[in-house]
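J.: Okay, here's what each chain looks like letter by letter:
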Amino acid sequence: MPDAELLRWFTFWLAAGVIVIAQFLLIISAIRLRQPTRSPEASPAVRSPVELAWTLATAVALGALLVYIYQSLTA
Amino acid sequence: MIPHWFRSLLIGALATTLVAIVSGAFVTAYGAGAACAGWPFCSPDSVTLPTTAPAWLAFSHRIAVVIAGFAMLALALAALRLQTLERAVRLPLLLAPLLAVATLPLDWLMVRLQLFDLLGVNHLASALILLGCQLVPWVALSTNNAQLEQRLGGRASKQARGYTTLAWWAAGATLVLTLAASALPAASSVRLAGFAGLSSHGASALLVAAVLVGGLGLRTWQQRRNDRLLLTLSVLVLFLLLIEGLLLFTTAPAVATTVGTLLWGTSLLLATLAARRPIISTLPVLPVAQKVEPRPSLLNDYLSLTKPKVISLLLVTTLAAMFITENGTPSFWLVFWTMIGGYLAAGGAGAINCAFDSDIDVNMGRTSRRPVPSGRISRQAAMRFGLILSILSAIVMLVFTTPLAMLLSTLGILYYAVFYTQWLKRSTWQNIVIGGGAGSLPPLVGWTAVTGTLSLPAVLLFAIIFYWTPPHFWALALVKEKDYARAGVPMLPVVAGAGETRYQILVYSLILVALSVLLTPLGAMGWIYLLGALILGGLFLRDAWNVYRYGEQQHIWQLYKYSLLYLALLFAVMVVDRVVL
Chain A
112 MPDAELLRWF TFWLAAGVIV IAQFLLIISA IRLRQPTRSP EASPAVRSPV ELAWTLATAV
172 ALGALLVYIY QSLTA
Chain B
-2 MIPHWFRSLL IGALATTLVA IVSGAFVTAY GAGAACAGWP FCSPDSVTLP TTAPAWLAFS
58 HRIAVVIAGF AMLALALAAL RLQTLERAVR LPLLLAPLLA VATLPLDWLM VRLQLFDLLG
118 VNHLASALIL LGCQLVPWVA LSTNNAQLEQ RLGGRASKQA RGYTTLAWWA AGATLVLTLA
178 ASALPAASSV RLAGFAGLSS HGASALLVAA VLVGGLGLRT WQQRRNDRLL LTLSVLVLFL
238 LLIEGLLLFT TAPAVATTVG TLLWGTSLLL ATLAARRPII STLPVLPVAQ KVEPRPSLLN
298 DYLSLTKPKV ISLLLVTTLA AMFITENGTP SFWLVFWTMI GGYLAAGGAG AINCAFDSDI
358 DVNMGRTSRR PVPSGRISRQ AAMRFGLILS ILSAIVMLVF TTPLAMLLST LGILYYAVFY
418 TQWLKRSTWQ NIVIGGGAGS LPPLVGWTAV TGTLSLPAVL LFAIIFYWTP PHFWALALVK
478 EKDYARAGVP MLPVVAGAGE TRYQILVYSL ILVALSVLLT PLGAMGWIYL LGALILGGLF
538 LRDAWNVYRY GEQQHIWQLY KYSLLYLALL FAVMVVDRVV L
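Protein sequence lines, in the order shown, are assigned to chains A and B.
So for the first sequence, our numbering puts the first residue at 112; every next one is plus one.
So for the second sequence, our numbering puts the first residue at -2; every next one is plus one.
If you're looking for bench data, these hints aren't it; they were derived computationally from the structure.
Keep in mind the model is a prediction, meaning the values are calculated, not measured.
The beta-carbon is built from N, C-alpha and C at its ideal position, and this holds for glycine as well.
Any given hint could be a false lead.
Claimed, not checked - Pairwise CB distance ranges (calculated):
1. B:Trp330 x A:Ile139: 33 to 39 Å
2. B:Leu411 x A:Ile138: 49 to 55 Å
3. A:Phe135 x B:Trp542: 18 to 24 Å
4. B:Thr450 x A:Leu163: 48 to 54 Å
5. A:Leu125 x B:Ile385: 38 to 44 Å
6. B:Glu323 x A:Thr185: 18 to 24 Å
7. A:Gly174 x B:Asn324: 52 to 58 Å
8. A:Leu163 x B:Val359: 31 to 37 Å
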């Protein structure tokens, strides 16, 4: 049914677009927060490269999930 | 002043709706619907009265429905005119005809296409809700809202709200149970081995209803036992639930539906009265100086180490995942052992977390009363307890479920108790983002317990909970920022401030809602789920936006509380979608 197929792709691309933009904003935030304004005295120093790496890792994992979903839709 | 005729009309409508439901139950039970295939008369071609007993049964049911429909319409018109009616009376009466009109096409389809097995449950559901739309106004008209006039303290008020909420949940569970009981003949293909007559849907509905109604009975005894009426109704609900539970094991759907209707009505009565009856203190009034906070028992302390409130939400996601796999409805015992194994795994991880985190917990108001920081249980004992539960969980999962489910539940324990607690929590502001992976594993455990393998929809369930975690926990962290700072935990609000946290809450919420709708294009869920996910996600985004835009405590609490409800409802909608479509 073409309408159902269209709706499927529309939902996918809309969701994927939102996810990509939002994930990009999170990466920008992680870069911006490399120099945290505050840190609790009792805690160990927050290491900014590690923070950025975590953000990138989740972005890559989410990207892979989207690609996998795309492949599944085209299969 | 409410006119006398209005009350009489309401009682008449209630009685007719009840007759319509009970007669409908007998029509279904005896398969009499097929004998009356026309509309509005039984013969599709001519205007004649029925000639056989089954046709008369079905025709009588229709007459009862028509009378109930007219009474409902008259009540709605009267509710429109009578401006003095309170909202609890007016709103349900106005909603009732709208619901009836909305479900009319389905009812017509059911009759004309003989889809009694497929649409019979929807038909009964709408009838039971319509009954509720008349019962609640009747109770509201018959009683004053005494709680409005009472000046309750904060604690008493919170307790009263909690009791009422539980009563409504219990009523909802009895509704689902009644529908499950009525659907037994249609669901005969999924009956459980070893339990003649009991379907897995029926067993699940009975289990949930028993937990909620039992919990309500306990709370009634603890908080409202001086109110004889509430206490009597609680006992009656428990009794009817027992009867309904026994009827599930038999093949008497008409009786089960009738008893279920009484159970639903009584539960609804209890829930409505719970919100209106005056609060009578169940405790003797003591002078302030004599008030001593009771020391929890050792059993309660050990139970609290397992963090039962957190586990309940994890188990909801596990349970839901088990019902939406491509393998269909799981067996009762598989569900049972997966729940037991899941509780042991999550409880074990929680206890180990309590042992490791006692130095942090002692500095935080929210956690300082836990058994380990307050010295009631030693760190070593908590650790031993956690390890024992973890080992037991691995054994239960391996013996009764699948090796992959065991592997994932054990991974969850290590992830939470070691990776998150020992490392992430103390070293990075991304602690709850990456640590969220531990809480995201339960649906995978449920999924693999049924299928033995992982697939794309299961990974998507993982991702949904993963991206749900930051908005949920950062809302709490915003409120408890000082606690976290004092304990030296680098939560985002402590490290980067409230503004950045509010912004990231909004961004993570956007990803969460976008991920949640992907299950439909993937083909794992249908349009019912998509609609539910959009509505629930829309409300989530509204709350996240309010937190971002205004950042007031009330908005943050609202998001925190709604996020809990959101996750439970989202997974519930998945099950509904799978059961219906």
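J.: Now tell me if each hint is right for this structure.
T.: Checked hints:
no.	hint	result
1	B:Trp330 x A:Ile139: 33 to 39 Å	violated (50 Å)
2	B:Leu411 x A:Ile138: 49 to 55 Å	violated (29 Å)
3	A:Phe135 x B:Trp542: 18 to 24 Å	holds (19 Å)
4	B:Thr450 x A:Leu163: 48 to 54 Å	violated (35 Å)
5	A:Leu125 x B:Ile385: 38 to 44 Å	violated (48 Å)
6	B:Glu323 x A:Thr185: 18 to 24 Å	holds (20 Å)
7	A:Gly174 x B:Asn324: 52 to 58 Å	violated (30 Å)
8	A:Leu163 x B:Val359: 31 to 37 Å	holds (33 Å)
The earlier numbered hints that this structure contradicts are 1, 2, 4, 5, 7.
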